[in-house]
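Number of protein chains: 4
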Amino acid sequence: MVPRYSRPRMTAIWSPVNRYRIWFEIEALACEALARRGEIPEEAAKIIRTKGDEAMAAFSDADVARIDEIEAETRHDVIAFLTWLAEKVGPESRFVHMGMTSSDVLDTCLAVQLTQATDLLLEDMDILLAALKKRAYEHKQTVTIGRSHGIHAEPMSFGQKLAGHYAEFARNRRRLEVAREEIAVCAISGAVGTYAHIAPEVEEYVAERLGLKAESVSTQVIPRDRHAAFFCALGVIASGIERLATEVRHLQRSEVREAEEFFHAGQKGSSAMPHKRNPVLSENLTGLARLIRSYVTPALENVALWHERDISHSSVERNICPDGTITLDFALARLSGMMEKLVVYPDQMIANVESLGGVVHSGEVLLVLARAGISREDAYRIVQRAAMATWTKLGTPEGRTFRENLEADPEVAQRVEKAVLDDALDPARHLRAVDQIFTRVFG
Amino acid sequence: MVPRYSRPRMTAIWSPVNRYRIWFEIEALACEALARRGEIPEEAAKIIRTKGDEAMAAFSDADVARIDEIEAETRHDVIAFLTWLAEKVGPESRFVHMGMTSSDVLDTCLAVQLTQATDLLLEDMDILLAALKKRAYEHKQTVTIGRSHGIHAEPMSFGQKLAGHYAEFARNRRRLEVAREEIAVCAISGAVGTYAHIAPEVEEYVAERLGLKAESVSTQVIPRDRHAAFFCALGVIASGIERLATEVRHLQRSEVREAEEFFHAGQKGSSAMPHKRNPVLSENLTGLARLIRSYVTPALENVALWHERDISHSSVERNICPDGTITLDFALARLSGMMEKLVVYPDQMIANVESLGGVVHSGEVLLVLARAGISREDAYRIVQRAAMATWTKLGTPEGRTFRENLEADPEVAQRVEKAVLDDALDPARHLRAVDQIFTRVFG
Amino acid sequence: MVPRYSRPRMTAIWSPVNRYRIWFEIEALACEALARRGEIPEEAAKIIRTKGDEAMAAFSDADVARIDEIEAETRHDVIAFLTWLAEKVGPESRFVHMGMTSSDVLDTCLAVQLTQATDLLLEDMDILLAALKKRAYEHKQTVTIGRSHGIHAEPMSFGQKLAGHYAEFARNRRRLEVAREEIAVCAISGAVGTYAHIAPEVEEYVAERLGLKAESVSTQVIPRDRHAAFFCALGVIASGIERLATEVRHLQRSEVREAEEFFHAGQKGSSAMPHKRNPVLSENLTGLARLIRSYVTPALENVALWHERDISHSSVERNICPDGTITLDFALARLSGMMEKLVVYPDQMIANVESLGGVVHSGEVLLVLARAGISREDAYRIVQRAAMATWTKLGTPEGRTFRENLEADPEVAQRVEKAVLDDALDPARHLRAVDQIFTRVFG
Amino acid sequence: MVPRYSRPRMTAIWSPVNRYRIWFEIEALACEALARRGEIPEEAAKIIRTKGDEAMAAFSDADVARIDEIEAETRHDVIAFLTWLAEKVGPESRFVHMGMTSSDVLDTCLAVQLTQATDLLLEDMDILLAALKKRAYEHKQTVTIGRSHGIHAEPMSFGQKLAGHYAEFARNRRRLEVAREEIAVCAISGAVGTYAHIAPEVEEYVAERLGLKAESVSTQVIPRDRHAAFFCALGVIASGIERLATEVRHLQRSEVREAEEFFHAGQKGSSAMPHKRNPVLSENLTGLARLIRSYVTPALENVALWHERDISHSSVERNICPDGTITLDFALARLSGMMEKLVVYPDQMIANVESLGGVVHSGEVLLVLARAGISREDAYRIVQRAAMATWTKLGTPEGRTFRENLEADPEVAQRVEKAVLDDALDPARHLRAVDQIFTRVFG
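Residue numbers (the UniProt record's numbering), protein chains in the order written: chain A, 1 to 443; chain B, 1 to 443; chain C, 1 to 443; chain D, 1 to 443.
Calculated from the structure, these hints are not laboratory results.
Hints may be right or wrong, so weigh each one.
It does not matter which identical chain is meant; a pair holds if it fits inside one copy or across any two.
Mimicking DMTMM-like on lysine to aspartate or glutamate, the simulated pairs with C-alpha atoms at most 25 Å apart in a straight line are [stated by the list, open to error]:
| # | residue 1 | residue 2 |
| --- | --- | --- |
| 1 | Lys51 | Glu377 |
| 2 | Lys46 | Glu123 |
| 3 | Lys418 | Glu354 |
| 4 | Lys418 | Glu177 |
| 5 | Lys133 | Glu87 |
| 6 | Lys46 | Glu87 |
| 7 | Lys88 | Asp68 |
| 8 | Lys393 | Glu255 |
| 9 | Lys51 | Asp68 |
| 10 | Lys88 | Asp378 |
| 11 | Lys341 | Glu71 |
| 12 | Lys140 | Glu255 |
| 13 | Lys46 | Glu204 |
| 14 | Lys393 | Glu354 |
| 15 | Lys213 | Glu32 |
| 16 | Lys88 | Glu377 |
| 17 | Lys213 | Asp435 |
| 18 | Lys51 | Glu255 |
| 19 | Lys134 | Glu340 |
| 20 | Lys46 | Glu208 |
Please take these sequences and the hints and turn them into a complete structure.
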C-alpha cells in the first residue's frame, strides 16, 4: 500500500492504536467472562476494565514507543503489549490473558479489523451503487451502439450498460456480505484449539460482545480458508472495477469520444492539447485491480498451514490485509467519483450509431423480410446486397445509407411496408425492453 | 485435464453429445415459448420437439462427425448444429433459433453444464464429509500431539483434528452451493442483451424449465463475474484439499508414522522396502490442488470483457471449465477414499506424545502452580528447571521424565497435591472439550 | 489442452510413443556406458540396443496397450515399460536399468521432450519474427497516429509499431533460448542423487549423446527451479502475444478501422453484416495468453518439493508441460498467420491522424514558437488559443484546422516562417528517426 | 512492504530523495548532450549541472514538501519537480527537459532504481552463497538420511543437500544477472518513441553515462516485457528460498530434530518449554516467498499496455517495485543469517538413519545379491524376508536389525562375503561420489 492510494478512515483501522484497542477489548472481555465463571475475582476484572479503558483513552505515540521497546527485548508482540498493560493496570494484571494463547488475541483482533474494514467497503459499495443507478436512470433513453468484439453490433440504451454494471456490483455487494460473515469469527481456544486451559464459554462471551461468531473448531488459529474466501471476494470485485474502467477507457478513445472522465479545469495540459484528456482514473483503476487480484493466490496458499498452525501466513497477511482493504476502498471511492462525474456525449453516441450507414440494423431487417414471407436464402441475399452497397461506398460521395439502399430495392419495396421498415431501422426499438430490464435490476 | 485424473461421470458432462443435447433442449424450449406467445406455429414447436428428441435419442458418433463436417465449412459451431438439426427436423426448422444469438445458446448451455458438474461435486463433498465424520467419531478419544510450527505443543484428540477438516469442508460445501447459484443463470437476450428480437418472457420460460434463473441484465453474454466467483470457490476448496493432504503427508513421515495411506497388498515395492510406503495419494492431491487453484486467475482476468463482449474468455473456458470440475471431482473422490481407508496408529501417537518426556505439559503445570499461589516468576523458574532437566538428558540413561523431575522438586511437592499434578500431566484433560466441539461441528 | 488449439507436430512430442522412444534411448545409452565401464557385458548392451531399436521401430498401439496392461497391474509406469522391453529383448534385459531409479528415466525424458518442444517454439518464433519484419519494412513510411492512454498523441510510422513488437519478440526468442538451456539437463544419479549405485560417468555419457548437460547436483529429481524458469519464459512470451493481439483488436474497432484480420471469403455472416468482421483471432490469442500465463504460478509452487523429492509436481507437469508448449505453439502460429495476412488501411490511418484537425501537432508547434524566441508562457498561450479554436468547433461547419487557426494568428505569422510551420505540421517529421530505429532493431 | 520486513539500504533506493537525484541526473545529462549537439548553450548546461548538483546535495525534507506542494497544484509529478528545479537553477532552467516527455525521465529513473536494487540483491546472493558453501563443506562427510516422499530412502551427505541448494542459488544468481540486463535500459524518445523532438544520440549519451543501454525501440515507455521478466526472476528466487526454508522446517520438527534455527539465549519461552524452539525464521521466509511470487502475475498483466502506452502499470509498479526488491533483500539476508547459524545435529542424523533398523539399505543389498549371481526373483525374496522381519518387530524386544536378519539368512551367508555385505550396509558408500559432486558444484 502506498499513501497515494489510501484513505484515512481505512488506514486508521490498520494503525497500531486500533490494533491495541482491540487487543485490550478482547483481554478485558475475557476477564469479564472469567470473572462471571468465578475463575478470577470480579473485582480484578473491573479494575482491568477501568484502568485499561483509561490507558487506551489516553493512548499516544509514547505508548506505541514503549510497547515497541518491550518488544525489541522480548521479541514477542503480545507479551510486549501485556507488559505495557500491566504497567498501567497494576497487580490485577496477573489475571489478564489467563489460559489464553497469543493467537487467541491476534486472530480475533484480525477478525475485528477485517469486519471494520468490510463495513467501510460496504459503505463504498453503496455509494458506488447509488452513482451507477443515478446515471443509469439518467441515460435510460440514451441510444448508444452496443458492441461485440469491439465492432458495432446493435443499438442499445446507454442506461442499460450502466444497469449491467450496477447489477454486477450489486452481486459484488452480496459477495462482500458473505465474505464478511466468513471472517467475522472469534477463537479463544488455546495452544491447539482444545480449550484445555480456558472454557469455550469464554470464547462465546467475547465473540458475542464483539459481534462475532465463535469458531466451531479452531486449531491454534482460525482456519485460513475463511481469509482465502475473503480475498477471493475482493479479487472478483476488483475484476468488476476493471470491467467498468475498461468500458470508460474505450468510450474516451479519441475515435469514440462518447464519454470522458471529468477533467479538472486547472489540470495541466488541458488547453494547449485540448484533445489530450486522458482517462487516467480508469487506467489507474485497471492497475489497482491487478494489485487487488494479486492477493488472491497468496491467500489461497496460506490455507495449508502445517498441523495446528505454522506462522508462514503471518507475513503474507501483514501485507495483504491492509493493502487489500485499503486499495479496494480507494478504488471504489475513485470509481464512484469517476462515474458520478462522468461526462457523457449522447450526440456523439448517436453519431457513432449512424456512422456505418445503418448496416447495424441488418439483423432486424432480415427478420422483417422473413416475417414478410421471404425465404431465408432470399432475405439474406437482399440484405447482403443492400449492406454491401452501403458498406463499400461508406464515406464516399456516392455513398447511400442502408435505408436508402433498401428502399431502392424493388424486392423490399414490394414486400415490406414503409412503416415496418421504419420500425426495423429505428434505434428506439432496441430500447423497448429497457423498462423490464430496469425493473429486474432496480426493482 | 489428463485421463489419469478424470472420472467418467464428470467427463460425460463435457462430451459433445451432452452439449448438443443441452443445445437442443434450449432451442426446443425457446420454440415452445415462442409458440405460446403466438410468434411461431404451435405445430412447428411440436414437430421440432418430437423430431429433435428422436434425433438426440439416436445421437451417435456419426452425428458428431456430420456436425464437425458442417462446422469445418461454416466455421461456426452453433450454425453447424442448427444445420444438422434442420436435416433431422425438416422445414419446421426455419422456426428454430428465431431472434436468438449464438451466445444465448452457448452461455445458457455452459450454465447447465456447470450446474450438472456442481451437482456431482456436491455429491463428492457429501461422501467426503461422511468419511471425515466417521473417522472423527472413531478417533474422538484418540490422543495425539497437537503441533504448532511442526513442534509438539499440547496433546489433543485426533478426532478433533478430523473434525476441524470436516468443518472446513462443510464450509466448502456451502461455498459450492453459493457458487452453483452464481452460475445457474440463463440468458436469451440477443446480440447485445436488449431483447430487441426476442421477448424476455422467452428467456424466463426457458430458464424455469432448465432450473435456472433468468439473468437480470446480460450483454451478449452472461457476465463473467459469476464464473470468476465459481472458480474462486473451486480454488478455496482445492486449498482445503491441500491442507488435509499436507496433514497426512506429515503424519506418514518415517519419523512420525502416526498414520498411513492404505497400501495395496500387491503394490510394487511394498515388501523388499517395507518402510517405503509413500504418501503418493496425498502428494498427488497437493499437485492437483495447485492445478485447480491455477484456474482462478484466468477466470478473474476473463471478467473485463470489452463492451458487450469479446471472445477472449472462450478459449480460457474451453480449458478451465472441464479441467476445473473434472480435476476437482477426481481429487475429492481420491481424498474421500484416502480418508476412509487411512490407517491410523494410535499407539505411535501416544509414543510421540510421550517422546519428549512430558515437557509438552509445561503450560498446564505453570497454570497449576499459579493457582497454587506461587508467583508467576517463581512458577516459571520451577517449571523451567524441571523442563530443562528433562530436555537436556532426553534419551540418555540418566534421563528422567518431566513428571519425575517435578515430583522430585520440593517446591512442587509442598504446594501441589499429587492428584492435581496428575491431572495437569494427563493427556486426557486436553480432550475435555471434545464433546462440546463435536456438538458445534456435527450438531 | 483442447484439440482445437493444438498442432500435430507439437502434440506428437507428448504422445506415448515419443515418450517410450526416449525412455528406451536413455536405457540403451546407459547400458552402453555401463558396458564401456565393464559393469555389464558389451554383448548385452549391443543386444539391448539392436532388439530395442527394432521394437521401437515397430512400435504400435498394441504395444501401448500391452504396457498399459502391465501398468494396471504393477501401478508403476517405468516398471511396466521395462517389463514390456524385457519381453522384446529377452534375457539380456536383466542388465537394463541397473542401478537406476525411475526418476532418472522420467526426468531425463522430460528434459528431452521439453527441448524438442522448445525447438519447435523457436521455429515458430522465427516465422513470427520474419512476418513482423516483413510487415514493418512494408509500412516503414506509413504514417499512423501514436496513442497514449488511447488518446491521439503524435504521428508515427506504422512500421515502427511493428518494429517494436519485433524487438519484443526478439527478446522473447532469447528468453526462450535461455529457457531451453535451463531445462536441457540430464540426471542419472539414483534414489537421492548420490550415485551410490551408478557412476556419474554414466550420466555424463547419456547426457552428451542426448544433447543435454549433466545436472551438477540432483536429488532424486532435477531441481524444479529450472522448470519454473522455463514456464516464466512462456508467461512473458504469452504476455507479448497479448500485447500485439490487443493492438490489433484496437485497430480493428469500428471507429478506428486502421487494420483488420484477414477475413475468409466464405466466412459466415461476412456479407449481410459487412461491418461485422470481428477480430476473433486476436481475441482468441488474448485468451490463450491468459491460459499460458496461468501455468506460471503452479510451476513456481512446484519448486519447494520436500527433501529429496515428493511427487506433488507430477500431476501439475502432466498438465502444464503439454498444455503450455502446445498452446504456445498454436498461439505463435496463429499470430504469425494473422500478422502476415493483416489487412492494413493506410488511408484510414491518415484520416485518423487528421481527424482532430491537426491539434496532435501542438507539441511540435510549441517548440517551434520557443525556438522563434517566444517565451514559454506566450508560446503556450498562442498554441492554446489555436488548439481550442480548432477543438471546440471540430466537425462543425465553421470548423477550421489547427493550421488554419495558426496561420490566422498574427503572433505566429510575424514570428514563424511558413516553411517552419509546414515542417512542424508535417506528419513525416515524426518518421525522421525511423531509419535509425530500424537499424537498431533489425541491424 | 512493511517496515518489519525491510532493510535501510534497499529502502533508501525507493526514497523520494533518491528518485529526485536520479531525475536530476537524467535531466542534467540530457542537457549536456543537447549542448554538445549545439541545441542548447554550453553555458546553460553547465549552470544547470552546477546549481542542480548544489540543490541535490542540500536536498532536505523541506524540498520534498515544496515539490509535493507544487504537485498538489499541477497534479503532475515531473512538472512539480521541474518547477522546483527552476526555482533552484534560475532562467537557464528553460533549457531543461527540452523535447522530452515525462516518461523519458520516469522510465529511465525506474531502470536506474531497479539496477541499484539488483546490485544489492546480487550482494545478498553472494553472502548467501558463501554461507551455503561454508556449511556444505563443513558437512560434506556428515551422513544423513535422504528422503523421498518424506520417507527414508537412502543415506547421503548432509553437505550434498546444502550443495544442491547452493547450486540452485548459483543458478538464481545468474537469473538475477540476466534480469538486471533486462531492465538496465534507458529511453529518451518522446511522446510515442519517435525522437521527433529529441535526437536518439541524446538517449545514447544519457544511457552510457548511467550505465544503461539505449532501448532499441520504445513507445512512450520502455516495454514492460522487461519488467515482467525481472519479476519472474524474483519469483523463481523466492521459490528457491521456500525450498530451503521448507527443508529447515522439516529438519527442525520435534520428531526429526536434525537441525534447528539458532535460538537467541533471551528469546522468550525458550526454557520453560525447552522443546518449543519454533522454526519461525524459515516459516516467515515461506510466507515472504508467497508475497514475492505474487508480484509475478500483475507484472505479466502489465505487459499488454494499449498502443504506445497507458498508465495502468503505474500503480502496480509503485507497489511491486519497492515491495519486491525490499522483501527479497530482507528474505535473502534472513536466509543467509539463518543458514550461517543453523545448528546441526549429526548424531541425531545418524540416529535417524539407523532408526529403521537398516532397511534403508535394501536397495544396495539387492544389487549385491544380483552381482553374487542370485536371480532377480530370489534376491528379491531374500531381501524381502529380511526386511519384513526387521520392520515388523521394529522397536520391540525381539527386534533385530536388517544386518542381523541378513547375516542369519543361510542363503546370504553362503553367497555373500561379509566384507561385501559390510560395504552394502555402510552409509559411507553413499558419500563416495560426494567429491565429484562438490567439484561439479563448487569447481
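Here is how each hint holds up against the structure:
{"no.": "1", "hint": "Lys51 <-> Glu377", "result": "between (88 Å within a copy, 23 Å between copies)"}
{"no.": "2", "hint": "Lys46 <-> Glu123", "result": "neither (36 Å within a copy, 52 Å between copies)"}
{"no.": "3", "hint": "Lys418 <-> Glu354", "result": "within (19 Å within a copy, 39 Å between copies)"}
{"no.": "4", "hint": "Lys418 <-> Glu177", "result": "neither (53 Å within a copy, 53 Å between copies)"}
{"no.": "5", "hint": "Lys133 <-> Glu87", "result": "neither (54 Å within a copy, 48 Å between copies)"}
{"no.": "6", "hint": "Lys46 <-> Glu87", "result": "within (16 Å within a copy, 62 Å between copies)"}
{"no.": "7", "hint": "Lys88 <-> Asp68", "result": "within (16 Å within a copy, 41 Å between copies)"}
{"no.": "8", "hint": "Lys393 <-> Glu255", "result": "both (20 Å within a copy, 16 Å between copies)"}
{"no.": "9", "hint": "Lys51 <-> Asp68", "result": "within (21 Å within a copy, 43 Å between copies)"}
{"no.": "10", "hint": "Lys88 <-> Asp378", "result": "between (91 Å within a copy, 23 Å between copies)"}
{"no.": "11", "hint": "Lys341 <-> Glu71", "result": "between (48 Å within a copy, 23 Å between copies)"}
{"no.": "12", "hint": "Lys140 <-> Glu255", "result": "both (24 Å within a copy, 23 Å between copies)"}
{"no.": "13", "hint": "Lys46 <-> Glu204", "result": "within (20 Å within a copy, 62 Å between copies)"}
{"no.": "14", "hint": "Lys393 <-> Glu354", "result": "both (15 Å within a copy, 20 Å between copies)"}
{"no.": "15", "hint": "Lys213 <-> Glu32", "result": "within (18 Å within a copy, 49 Å between copies)"}
{"no.": "16", "hint": "Lys88 <-> Glu377", "result": "between (90 Å within a copy, 19 Å between copies)"}
{"no.": "17", "hint": "Lys213 <-> Asp435", "result": "between (42 Å within a copy, 19 Å between copies)"}
{"no.": "18", "hint": "Lys51 <-> Glu255", "result": "neither (67 Å within a copy, 45 Å between copies)"}
{"no.": "19", "hint": "Lys134 <-> Glu340", "result": "within (8 Å within a copy, 47 Å between copies)"}
{"no.": "20", "hint": "Lys46 <-> Glu208", "result": "within (19 Å within a copy, 60 Å between copies)"}
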